[in-house]
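For this one, chain A is given, so just place chain B on it according to the hints.
Protein sequences, first through last, are from chains A and B. The opening residue of the first sequence carries number 0 in numbering that gives the first Met the number 0; numbering runs sequentially from there. The opening residue of the second sequence carries number 0 in numbering that gives the first Met the number 0; numbering runs sequentially from there.
It should be emphasised that the hints constitute simulated quantities derived from the structure, not laboratory data. Ideal Cβ placement from N, Cα and C applies to all residues, glycine included. Any given hint could turn out to be false.
A few chain B residues facing chain A, derived, Cβ under 8 Å [stated by the list, open to error]: (1) 41; (2) 43; (3) 55; (4) 207; (5) 209; (6) 216; (7) 220.
Here is how the chains run, residue by residue.
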Amino acid sequence: MAEKLRLKIITPEKLVFDGEVEELVAPGQMGEFGVLPGHVPFLSVLFPGRLRFKTEESGENTLIIHGGLADVKDDTISILTDQSENPEEVDVAAARKDAEAFQKELDELQDAEASEREDLDRKLRIARARAGE
Amino acid sequence: MPSLKQITTKIKSVRSTRRIMGAMKLIAAVRLQKAQAALMAYRPYSDAYRDVVLNVAALSESEDHPLLRVPEEKTNLHVLFFTSDRGLCGSFNSALIRNMQHYVKEQGEAFGNIKLSFVGRRGRDYFSKNGLATGKYYTGVNEKNSRKFSEELAAALTEEFRAGESDEIVLAYNHFVSAISQRMTFERLLPLSGEETDDGAAESSSDYIFEPEKERIIGSILPKYVQVRIERAMNESLTSEHAARMTAMENATSNADEVIAKLTLLFNKTRQTIITTELMDIVNGTEAQKGGNE
Numbered sequence: 000m001a002e003k004l005r006l007k008i009i010t011p012e013k014l015v016f017d018g019e020v021e022e023l024v025a026p027g028q029m030g031e032f033g034v035l036p037g038h039v040p041f042l043s044v045l046f047p048g049r050l051r052f053k054t055e056e057s058g059e060n061t062l063i064i065h066g067g068l069a070d071v072k073d074d075t076i077s078i079l080t081d082q083s084e085n086p087e088e089v090d091v092a093a094a095r096k097d098a099e100a101f102q103k104e105l106d107e108l109q110d111a112e113a114s115e116r117e118d119l120d121r122k123l124r125i126a127r128a129r130a131g132e
Numbered sequence: 000m001p002s003l004k005q006i007t008t009k010i011k012s013v014r015s016t017r018r019i020m021g022a023m024k025l026i027a028a029v030r031l032q033k034a035q036a037a038l039m040a041y042r043p044y045s046d047a048y049r050d051v052v053l054n055v056a057a058l059s060e061s062e063d064h065p066l067l068r069v070p071e072e073k074t075n076l077h078v079l080f081f082t083s084d085r086g087l088c089g090s091f092n093s094a095l096i097r098n099m100q101h102y103v104k105e106q107g108e109a110f111g112n113i114k115l116s117f118v119g120r121r122g123r124d125y126f127s128k129n130g131l132a133t134g135k136y137y138t139g140v141n142e143k144n145s146r147k148f149s150e151e152l153a154a155a156l157t158e159e160f161r162a163g164e165s166d167e168i169v170l171a172y173n174h175f176v177s178a179i180s181q182r183m184t185f186e187r188l189l190p191l192s193g194e195e196t197d198d199g200a201a202e203s204s205s206d207y208i209f210e211p212e213k214e215r216i217i218g219s220i221l222p223k224y225v226q227v228r229i230e231r232a233m234n235e236s237l238t239s240e241h242a243a244r245m246t247a248m249e250n251a252t253s254n255a256d257e258v259i260a261k262l263t264l265l266f267n268k269t270r271q272t273i274i275t276t277e278l279m280d281i282v283n284g285t286e287a288q289k290g291g292n293e
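Bound-form chain A, shown alone (with noise of 0.2 Å):
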């Protein structure tokens, strides 16, 4: 059993992060979920949300997921997702107010189309992740 988890963060833009972790905890639809070294096979579909991870250099890291995939084999961790941004570079005052009209349309789209409702629910959980909510 390995030491370390390697962790890989990518992006259709990038990749975000490739190095060692030594813990990491992320937004699974089923709840959020921590990941170990030594963690069975694993695939999680992601909801938007704070990602977080601990490294040896810079201890405690987040950054803002909008959703994804967590693919967890052999020690390394893959995490696909659509964007990822920096909590520090998010505009909060903003993000609340987007997260508020999110969820008064929501609440107003009680009968709506399930598809109409889920891409609202999804705007909802980013803009609530990047509020740090």
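Then chain B, alone, in the frame of chain A:
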């Protein structure tokens, strides 16, 4: 022999063409650089996606999802053919079209019906003549809108496959190897299963955990993977096109240089001849006058 005036006009026109081609070369070089950077960034993403999907597909039965279903009878083949919209890129399109003709002929034996869809004008212009161009046609695809186009295409093709209108869908595009080399590739897009797995993907199959359950994961990642594959093909094709155009324009400029050098030589020779003729006329004239005086 052409007059001096004719030669100068010709040199001038070759010069101005050369200038245009030189500019096109520079533009292609810049666009190639950008497209190549985008492609190099996209490849790890799509490759990682492929690994995940192959892994899941290897652990699944073909009944698990409509996109994994292998049709029992193969009658309808749908090929999505990527060419460029514009010319002046050397043999880029003609080579693609030639390979495509071979492919159609080959597959014609296995499939009863072949349908072609196009991304790019050149391919369609050619195949619309022989009645194969019965599918969709997209033009104006570039690096900025390839995401949008691929989503649209993925939705349409997925729907078509689900409905059973096509039994197999293939992508045909130029794979970018380097700035001077591109390779035409035929790649099966759907059905997704039965793909060649180079490493034994199913090794650790039994203890793979899926969250949520496998069926829902498949439902969410397979359609997305179709889009990723199409976008990748678009990026590969666009990058190849810029590379081909750059090489073609580079050849064209050096050819123009050669032509200019030849024409300049001809110009000098002609001028020399004219001077010599004139001199001879003068000398003859004076000699004749001398004769008259004596």
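Chain A contact restraint for residue 43/B - C-beta distance below 8 Å: holds (5 Å)
At a threshold of 8 Å, is the proposed contact between residue 216/B and chain A supported by beta-carbon distances? At about 6 Å, which falls below the 8 Å cut-off, the nearest Cβ of chain A leaves the hint on residue 216/B intact, so it holds.
Regarding the hint that residue 220/B lies at the interface with chain A, is the smallest CB-CB distance below 8 Å? holds (6 Å)
Residue 55/B as chain A interface residue, shortest Cβ-Cβ below 8 Å: Cβ of residue 55/B sits 7 Å from chain A, so the hint holds.
Given hint residue 207/B near chain A, where the shortest CB pair must fall under 8 Å: Since the shortest Cβ distance to chain A is 5 Å, the answer is holds.
When the nearest CB of chain A is found for residue 41/B, is that gap smaller than 8 Å? At 5 Å from the nearest chain A Cβ, residue 41/B passes the 8 Å test, so the hint holds.
Holds or violated: is the Cβ of residue 209/B closer than 8 Å to a Cβ in chain A? holds (5 Å)
Every hint from the earlier list agrees with this structure, and none is contradicted.
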